[in-house]
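Chains as they are written, first to last, in my numbering: chain A, 1 to 621; chain B, 1 to 107.
Hint data in this document are derived by calculation from the structure and do not stem from the laboratory.
We put the beta carbon where it would ideally sit given N, CA and C, even for glycine.
Some clues are possibly wrong.
Interface residues of chain B toward chain A, partial, derived using beta-carbon atoms under 10 Å [what the hints assert, rightly or not]: (1) A18; (2) L26; (3) Y71; (4) D73; (5) G87.
Sample of chain B residues lacking proximity to chain A, with all beta carbon distances greater than 10 Å (derived) [what the hints assert, rightly or not]: (6) D51; (7) Q54; (8) F55; (9) N58; (10) D65; (11) Q67; (12) P70; (13) G74.
Label-pair ranges, simulated between beta-carbon atoms [said to hold, decoys possible]: (14) R81(B) with G326(A): 32 to 42 Å; (15) S85(A) with R81(B): 51 to 61 Å; (16) R81(B) with P463(A): 37 to 47 Å; (17) G39(A) with G87(B): 21 to 31 Å; (18) V48(B) with G39(A): 30 to 40 Å; (19) K11(B) with S492(A): 49 to 59 Å; (20) P93(B) with E141(A): 37 to 47 Å; (21) T403(A) with R81(B): 34 to 44 Å; (22) N15(B) with D364(A): 35 to 45 Å; (23) L144(A) with R20(B): 41 to 51 Å.
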Amino acid sequence: MALLQISEPGLSTAPHQHRLAVGIDLGTTNSLVATVRNGISIVLNDENGRAMLPSVTRYAADGGVSVGEAAQAAQSEDPVNTIVSVKRFMGRGLQDIGDISRLPYRFVDADGMLQLRTVAGVKSPVEVSAEILKVMRARAEAALGGELVGAVITVPAYFDDAQRQATKDAAKLAGLSVLRLLNEPTAAAIAYGLDNAAEGVYAVYDLGGGTFDISILRLSRGVFEVLAANGDSALGGDDFDQRIHCWLLEKNDLSALSPQDTRLLLTHARAAKEQLTDHTETRITAVLSSGELIDNELTREEFQEITRNLVQRTLQPMRRALRDAGLEVDEIKGVVMVGGATRMPQVQHAVGEFFGQMPLTNLDPDKVVALGAAIQANLLAGNRGSDDWLLLDVIPLSLGIETMGGLSEKIIPRNSTIPTARAQEFTTFKDGQTAMSVHVVQGERELVSDCRSLAKFELRGIPAMVAGSARIRVTYQVDADGLLNVSAREMSNGIEAAITVKPSYGLSDAEITRMLQDSTQHAQDDMLARALREQQTEAQQLLEAVQQALVQDSDLLNETEKTRILAAMDALSGVLQKTDHHAIKRALEALNFATTEFAQRRMDQSVQRALGGRKLSDLES
Amino acid sequence: MAITLTENAAKHVLNFIAKRGKGAGLRIGVRTSGCSGMAYKLEFADEVGGDDLQFDSNGVKVLVDPQSLPYIDGMELDYAREGLNEGFKFNNPNVKDSCGCGESFKV
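For reference, chain A alone in the conformation it holds in the complex (with noise of 0.2 Å):
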């Protein structure tokens, strides 16, 4: 509980009230919003007691827009401007989408994102999905009765930054405040680890509408840390209703259907698919605008034979992130069931076998994961104590060291997973070093100056050995909290040092997209900094050894050769501070060129003397 101060006498601070804020699981297939009430997660219906919202958005020729079930129901009539799984489109050139000719939109190839004809007009996915989003926020606001601080959106753990962004960008159209974008399998993990309170290690299978996650977390004390995540970003449940649809024409001799017969057998297909989890077979009915009559029966076999390979295509994933994990099959105290085609007998059949167990089904696979990000939202909302855990998966910016010349060396690219550990070995630059100074930077540019420094601590109490030869680990060490923890080792003599510092905390939302815009923008910038600084600092190296070797052994050398060498040293110098790595380069190894016999002569001189005028015949007996 909070602390509280003695105050003056009537002037007791008000305790803050509950602040409104709502998870949001916007599907491929359907979305759900969920608030915390009373402590409890809970799923907020519409007034006629609807949990989900089919994600369809329907555009009228007057400008009306319809989301959900009346969306839905003109699909098969209006194919054209009824968008349906548009979450497959966010942030999505029209390259990288599959197969278009399957699907009835009139695709328009924009800059970056597609977008789609309708009668209203040219729409991007953003504005679809703000639709959907819209739906969903005022739904929140007449629940709960009054304005929302924010909202806690989910994404597949696969999602690209240009897919958050879009997804981000959507929420801000329908008026929302984004906490957080969370990923799904996390949330799942997140409903299910508070309510059943189960430490150990778990997976997450999700299949949802269009995407399959499979993540592997270890729960403990409220604390989730990914272990391993993996999955495919193009199946899910619509490929399921897809096989019937390909079946149903191949049983009935059809090919090349309109865009409202394809969009009305797709729909009779999901209904038989959705029948064959509780029946062993169902029927389907339809007839095509030709007049056709499509009349089958599909048993619950038939089915499980045709999706098989869909069954199968999970499996891969799942072994991929159990070995990246390093852990077998027997290590999985319990595996989560995420999306409604998890409720298909063959899905759950598929999983319990992999695992050797039989998954978890206890909370309602389609709501969990809404359900899971209301109690994070709740949290980030800052209606629960300090103390309690703040879920950090991922860190947002890669964490660098300072190398020599002002660059940063990425120790933990961004988006690792906490907590973390890496480690890399450095070594000295110079002859007889004896500290060295460790830098800490977060961002993704080349150059230190154009990141944001951390932390600094000094090492120190080398031994004094030649430059390049002393190890020095640093480790750097994430943890659950986001806590970065750096520390630096000599590895001969132990000596160590360590700071600690808080990374995440530190960059705003609007710095860290800043930040990962700046550095794409100026990738090639950075690549021509980057080798300026080398040759930079190659340079100056060069230069440090060739004058003290001048200083030590200039009797080897006559007055044309000292002249010759002078002369590049003057010339790479000259270029060193200029901005031109190429003519750096040139100097640089003209410089080399002219050195080559005096370093001959020096290597011959210092093993004559190591040999101490002893003849060659004493060393041999």
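Once you've looked at the hints, dock chain B against the given chain A.
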């Protein structure tokens, strides 16, 4: 039943009153507020009200209004340090549920 202060809490209360320069004691009560229904009131008291119940614990005079007492009877006030924060902590046996932040509670 009564309201008590731990030795540590009493030491800090006396210290705060001394620093403030005046005060008849410490007023503890509840009000209806916050997300779980009730919130604690912890104030310096300059005068003793007519209805106030008085408790003496470790040298501190604690004043409680009769309406508040049922909600906090048997409570022990402690002084604690949690991380960088320190302050008074209510160990209230009547609480059935409290808001995550701990600033408000239900009985």
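Failing hints, ascending?
1, 3, 4, 22
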